[in-house]
Structure formats: structure tokens, C-alpha cells
Amino acid sequence: MDLENQKRVKEFAEKYGPENVVVLLGAAEGEAAGLAAETVTNGDPTYAGPLTGVQLGLRVYHVCEPEIKAEFDPAVYEEQISMMEMVLDVDDIVSEMSSVRDQYCKFK
Amino acid sequence: MKSVIKGTGYILVHTPDMVLHNGTTQTTERVVNPDGEYLKELPSHIRTFEQALNYYPNQVYIGNLTPEDLAAVPQPWHDKDCPVKDRCGKYGQIMPQEEFLLLMQACDVFELVELDREFVAKYKPQLAANPLMDETILARVNEGSDIAEITRFVNDEHSEGLYDHDVLVGCVKRAHDIDVNLSAHVMLENIASKASSVLALLAGVKNAGIDKADVEYVIDCAEEACGDMNQRGGGNFAKSAAEIAGLPNATGSDARGFCAAPAHAMIEAASLVASGAYKTVVVTAGGCTAKLGMNGKDHVKKGLPILEDMLGGFAIVVSQDDGVNPFINLSMLGRHTVGTGSAPQAVIGSLVCDPLDRAGLKITDIDKYSPEMQNPDITKPAGAGDVPLANYKMIAAMAVKRGEIDRAALAEFPVKHGLTGWAPTQGHIPSGVPAIGFARDAMLENKLGRIMIIGKGSLFLGRMTNLFDGVSFVIEKNAGKDDDSGVSEEQVKGMIAKAMKDFAATLMAQADAE
Amino acid sequence: MGVLAGKKVVIIGDRDGIPGQAIEACAKSAGADVVFSSTECFV
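The listed protein sequences derive, respectively, from chains A, B and C. According to the numbering used here, the residues represented by the first sequence are 1 to 108, in order. According to the numbering used here, the residues represented by the second sequence are 1001 to 1514, in order. According to the numbering used here, the residues represented by the third sequence are 2001 to 2043, in order.
These are calculated hints, taken from the structure and not from any lab test. Mixed in with the good hints there might be a few duds.
Calculated cross-link-like contacts (lysine to any residue; reagent style SDA-like; alpha-carbon spacing at most 25 Å) [what the hints assert, rightly or not]:
| id | chain 1 | residue 1 | chain 2 | residue 2 |
| --- | --- | --- | --- | --- |
| 1 | B | Lys1212 | B | Cys1088 |
| 2 | C | Lys2008 | A | Leu35 |
| 3 | A | Lys7 | B | Thr1027 |
| 4 | A | Lys69 | A | Gln103 |
| 5 | A | Lys10 | B | Lys1212 |
| 6 | B | Lys1206 | B | Gly1246 |
| 7 | B | Lys1301 | B | Arg1030 |
| 8 | A | Lys7 | C | Lys2008 |
| 9 | B | Lys1302 | A | Val90 |
| 10 | B | Lys1380 | C | Cys2041 |
| 11 | B | Lys1239 | B | Glu1268 |
| 12 | A | Lys15 | C | Ser2029 |
| 13 | B | Lys1301 | A | Asp2 |
| 14 | B | Lys1302 | A | Lys15 |
| 15 | A | Lys106 | C | Gly2031 |
| 16 | A | Lys69 | B | Asn1466 |
| 17 | B | Lys1481 | B | Asp1214 |
| 18 | A | Lys69 | C | Gly2006 |
| 19 | C | Lys2028 | B | Leu1459 |
| 20 | B | Lys1380 | B | Gly1303 |
Simulated restraints, written as ranges between beta carbons of each label pair [what the hints assert, rightly or not]:
| id | chain 1 | residue 1 | chain 2 | residue 2 | range |
| --- | --- | --- | --- | --- | --- |
| 21 | A | Gly53 | B | Asp1079 | 33 to 43 Å |
| 22 | B | Arg1232 | A | Asp73 | 41 to 51 Å |
| 23 | B | Arg1407 | A | Asp73 | 17 to 27 Å |
| 24 | A | Gly53 | B | Ser1044 | 19 to 29 Å |
| 25 | A | Lys108 | B | Asp1086 | 57 to 67 Å |
| 26 | B | Pro1076 | A | Gly53 | 26 to 36 Å |
| 27 | B | Arg1030 | A | Lys7 | 11 to 21 Å |
| 28 | A | Asp92 | B | Gly1480 | 47 to 57 Å |
| 29 | A | Gly53 | B | Gly1234 | 35 to 45 Å |
Sample of chain B residues lacking proximity to chain C, with all beta carbon distances greater than 10 Å (derived) [stated by the list, open to error]:
| id | residue |
| --- | --- |
| 30 | Tyr1038 |
| 31 | Glu1111 |
| 32 | Lys1124 |
| 33 | Glu1149 |
| 34 | Asp1179 |
| 35 | Leu1182 |
| 36 | Ser1183 |
| 37 | Gly1227 |
| 38 | Lys1302 |
| 39 | Leu1330 |
| 40 | Asp1354 |
Glycine included, C-beta positions come from ideal geometry on N, C-alpha and C.
Let the sequences and hints guide you as you build the complete structure.
See the structure below:
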């Protein structure tokens, strides 16, 4: 994850409390989504950014995950995102995201 | 007047040491994690020049293989032996780092680039043997300086080192003591961009078979900015490169728009020619040292070579209709507007569907689409997926939504209407334009009717707007001169001759009658 | 109770996946308080 974005995530977690923050991802692939999710839960796996060694354990979802999609206004989702379901490997993304949450998310 | 694609030039430069010293992923790592594993591991993942030649996507870029050849080779490609390993190709060449450092010095007009005397002596004959170089450029290569002096500049005078196989062989000095816009770092990036643009211009003009004096205007569409503290992006890469490339009658300007800039520049060039403002315009761009090794961490982690070790460059020569070369259809332009929004379907709708709707065409009426032609061998291991394929899936999904293809035909759309990506991840370099050379050839051979070139740009990276951007245009096979633009000079002469003949006949008939 | 309603939402979009602004529109429709939205670019 971009270093500046890591810095902002860390600041927001400190400002609002990690239990009140949710991170939403739009990554193009399962692996990239998983790495970003790991960054905001268990720390930056590339040891480069401000989240290195910082275990925020934040709630984190990819926008195409069914449980998060269910919370959106269907009309808005249809207009903004739906077409990408035909492009992305949603199953792979869901499995990567669930795995990271199961291991590192502190807020269930 | 139609504007046609008269010729194209595509070049690559192998710059392994610049990956280590100038790529931002590496320079950032040196600041935040200087003792980390990545910087230790990295040198063993650097490719040799021979390995860079023996790489399918690079051979496709310079025209020795086609995108169709590439599609037939199973991915990944970095571990495959390529049947062609030439440094020169139909569209241009792959230049080794040694020659490029000399070319950078030749492109510097402010005595900022200094090279080791022995290095120059060793490699100048090699540069002289390069088929794109001429006497004027070679004459600009000076004899070089003492390495002790260069070392002092790097250690004590804020100069950026130039390295070859990890040995200091030169430097780029700062052009001002306090102006950061003229720092050694910026000057190195800009001179590298200029030098690779010069090489592309030379290839493009040569391949188009035109006289250098014919070029009236050059548009540079790279992603660097040159200027000083009072006008940071003042410009002008285009004219600077035209000067070194020896285009005496050219002026020019820089067009900027992140990765979308080449498509913007092509539309501008085509319009300038179509309007009659200029007869020949060249769109050019050099490469970006900052992006070298951009996804290197992922490549090293996965045991791959550093595949982002190439600077890219291209030049497209646009000139007046000759009745033969493919033309740019200016009545079918797509544009992402301020009001379009960033939803992927809105973006594709504005770039693909809107221009087709205006022309009364369907998505399937375009034979091939060339969106962002990034090499998936580079992007997939980095988690960015197969970018061209994702674009084709989006276009196909739109076609399904519009009822123009069956949902069952989704999978075959990318094969039928797409190309497999081969361009290096140099931002603007992969953006639609790499396919123009192949499309021109295919149209001249009657194998292709229409191709849509799509450029997209991440404007939000500049922190000036949150907007996305993009434009598209269509290149079509030329059915013959002036079939769509009124009458030509020959036709006018013919019509006048006929009118005079008719008039004479009338007079004679009248005289006879009297 | 949902995951998003009333929460401070940080958005990390992807130029070649779903851009930040598209996610933002959806998150707001779910009653989230979007505090940050960005789009990353790997190419």
C-alpha cells in the first residue's frame, strides 16, 4: 500500500479509535486485496511504510464482497460498480479477504 | 483533408543501473529501509542486456514479433527463450545502457552530463555503429572528464551518479544551486526522457521515409516537466528533442495528461494536419526513469527478474492524406468529461460507447481495441492483474449490457477484439499507442479495418483534482484519397478543364448555329 | 446492525480495479462517514 495512504490510515485509527474505522478496498486482484488488508490489520508486510509492525486489526472489506455489497443502495452499486463483477475474480477476492480477517481482524 | 499515420518508431533502452539508482521504489526504500532485504536481494535480479533482448514482449515492442505471436506463447514469458534476440527491429531498436549514457551526454546542451573519459573512448565507436545515429549527434559527444573530478561532483557537489554495471562512469550536475526544479535529480530524469525521445524521433522519421526537413511540429506527451522555479512546467521537451534529432523546420510543444497524454497528443496532431495548419506533425515521448523497478519488490519476492528495467519511447508521424496510409477518423472521438464520473462503466461508456453511438456503430464494429497495453508478465505478479485483459472484459461487459453480444460470448471477446499486452509499465508508453505500428501494417495489408486507441490517465495522482481522464480515437484503413473531404486540387483542375471545354463547345455550337 | 452505518470509512481504491470515488458513492449510500478516499495506481 502507498506509504502516504498507510500514514493516513494510521492517523484515522488513532483519531477515531480502531474500533470505529472500516477500510474499504477496490483492488483488482485477490492477492493485492489480501496484502492491503494485511497492511491495515497485521502491519505492512513489505516493511516499508508507517504501518510496519503496527497491528491495527481494523475491519477491512473489498467492495465486491457480498456482505458489504448488501449494505449499499442497490441502485448506486449498479451504477458505480456492478459491471466490474464481470471483470474481477470475486471468489478469489472473497477468499483472500476472509482469510486475512480471520487471522488478524480484532473487531468481529 | 484527412490525416494519416505515415510511420512509427518504437524504441526501448535497457537501463539496469538506473533501476537501482533512479527508480522511486528503490530510492524510497533507500530512505525508509536502507538495510532491508529488498535492497540486498535486488542486484541479483537485474537482467543482462542479452536477457533483455531475449524477452518476447521487448521483441514485440520493436516490431520483430507481433502481438499475435506473443498471444500464442503461454505466460509467464520471462523464463521463455525468445526465437528473436535482435537489438534492431522493424520499428526501432533496443539500446544498451552504455550507448544511452553517451546519447544523454549528446542531448545535454548545458554541460550538465559528464562522462568518464575512458568510458567514452570505449563506447563511442559502438554508438557510431548504431544505425540511427548520424554525424551531427556523434559530434556532440565530447571526449569526457577525469573520473576523479566526476567522483568529486557526486560526493561534494550534489550531482547524481551515472553508473554502468555498478561502476561510477559519469554524473549529471545540478543546473542551479537552490532551485529544486533544476536539481541533479530532476535534470537526470529530464535528460533521460529527452534522449529516449530523440531516439524515438530518429526511428519514427526514418521509418516514415520522410525528409527531416518535412517535420513542422512535434508534440511531446511524456510525463516529466521541465522548467525552473518561476515556471516549473514551462517546457519544452518537444522542441529540445527536435533540435538534437535534426528537425530544422520544426517547432513544437508539450502535451500533458498522465497516461492519457499520448492519445490527447494524437488527436491534436491529427487535427493540426487535418485543418491544414501543418503538413507533418510528430507525436513523441521518451521514457521515465522514476518508474524503473516500480513493482520490483513483488518481482524480487517472487524470485522473478526485475522486468521493469527498460525505458520506453515512441514517435508517430502524422501527415496529410496520401490515399494509402490509415487515417485518423476525427468524427469518432471519445472523451471522459468532467461530468462522466469515475465508475468503470461510466468511463468505458464515455470512451468507447459514446463515439460509436454518434457514428451509428456497435462495439463489435471495431475490429481491435488498444487500451492500455501493459505487459501482464510485469503487472500480474505485482497484483495489478492483466490490465489490457481487464479493459477488454469491461468493453465486453458493456457490449453485453447493450445487447450487442451474448453473455456467452464474453470470454471470446478479448481474443477476437483484443491484443495481448507487451509494453513496459512506463505510464504513458503503454497507453494505446504501442498498437499503432502493427495496426498500420495490418491495414496496409488489408487485414484490419478499424482500431480504437484508448488512453486513460490517473489525474488524481497530481493532487489537483480527483477526476479520472481519458480520450479515444479510431484509426481506419484508407479507402483512397479524399473520399470524404470534398474535392482535391486535381479534381478542381479537372472540373475547371471540363467546364472550359464545355463552354468552348457551347461557343462553337453557337457559332455554328449562327 | 451493518458494518458501515455510522462508521468512519477509509477508502483505498484501485485505478485498475474499483476507483475510490465509485466506492465512496456506495459507502455513503450505506450511511458511512467517509473520512478519506484515494485511488492507487500500479502502472
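Do the hints match the structure? See the list:
1. B:Lys1212 with B:Cys1088: Within the cut-off at roughly 21 Å; holds.
2. C:Lys2008 with A:Leu35: holds (21 Å)
3. A:Lys7 with B:Thr1027: Since the Cα atoms of A:Lys7 and B:Thr1027 sit roughly 19 Å apart, the hinted pair holds (cutoff 25 Å).
4. A:Lys69 with A:Gln103: Given that 25 Å is the threshold and the Cα spacing comes to 22 Å, the pair holds.
5. A:Lys10 with B:Lys1212: violated (56 Å)
6. B:Lys1206 with B:Gly1246: holds (12 Å)
7. B:Lys1301 with B:Arg1030: holds (17 Å)
8. A:Lys7 with C:Lys2008: With a Cα-Cα distance of about 16 Å, the restraint between A:Lys7 and C:Lys2008 holds, given a limit of 25 Å.
9. B:Lys1302 with A:Val90: holds (23 Å)
10. B:Lys1380 with C:Cys2041: holds (14 Å)
11. B:Lys1239 with B:Glu1268: Given that 25 Å is the threshold and the Cα spacing comes to 16 Å, the pair holds.
12. A:Lys15 with C:Ser2029: holds (24 Å)
13. B:Lys1301 with A:Asp2: holds (18 Å)
14. B:Lys1302 with A:Lys15: Outside the cut-off at roughly 37 Å; violated.
15. A:Lys106 with C:Gly2031: Roughly 23 Å between the alpha carbons, so the hint for A:Lys106 and C:Gly2031 holds.
16. A:Lys69 with B:Asn1466: holds (24 Å)
17. B:Lys1481 with B:Asp1214: Between B:Lys1481 and B:Asp1214 the Cα gap is close to 20 Å, so the pair holds against 25 Å.
18. A:Lys69 with C:Gly2006: holds (16 Å)
19. C:Lys2028 with B:Leu1459: holds (23 Å)
20. B:Lys1380 with B:Gly1303: Holds, because 14 Å separates the two Cα atoms, which is no more than 25 Å.
21. A:Gly53 with B:Asp1079: 33 to 43 Å: holds (35 Å)
22. B:Arg1232 with A:Asp73: 41 to 51 Å: holds (43 Å)
23. B:Arg1407 with A:Asp73: 17 to 27 Å: holds (25 Å)
24. A:Gly53 with B:Ser1044: 19 to 29 Å: holds (27 Å)
25. A:Lys108 with B:Asp1086: 57 to 67 Å: holds (59 Å)
26. B:Pro1076 with A:Gly53: 26 to 36 Å: At roughly 33 Å between Cβ atoms, A:Gly53 and B:Pro1076 fall inside 26 to 36 Å, so the hint holds.
27. B:Arg1030 with A:Lys7: 11 to 21 Å: holds (19 Å)
28. A:Asp92 with B:Gly1480: 47 to 57 Å: holds (51 Å)
29. A:Gly53 with B:Gly1234: 35 to 45 Å: Taking Cβ atoms as reference, A:Gly53 and B:Gly1234 lie about 44 Å apart, which means the hint holds.
30. Tyr1038: holds (17 Å)
31. Glu1111: holds (36 Å)
32. Lys1124: holds (36 Å)
33. Glu1149: holds (40 Å)
34. Asp1179: Given that every Cβ of chain C is farther than 10 Å from that of B:Asp1179, nearest at about 28 Å, it holds.
35. Leu1182: Holds: least Cβ distance 27 Å, greater than 10 Å.
36. Ser1183: Since the minimum Cβ distance to chain C is about 25 Å, B:Ser1183 lies beyond 10 Å and the statement holds.
37. Gly1227: The claim holds: B:Gly1227 sits with its nearest Cβ about 24 Å from chain C, beyond 10 Å.
38. Lys1302: Holds, because the least Cβ-Cβ distance between B:Lys1302 and chain C comes to about 15 Å, which exceeds 10 Å.
39. Leu1330: At about 28 Å from chain C, B:Leu1330 clears the 10 Å cut-off, so the statement holds.
40. Asp1354: holds (19 Å)
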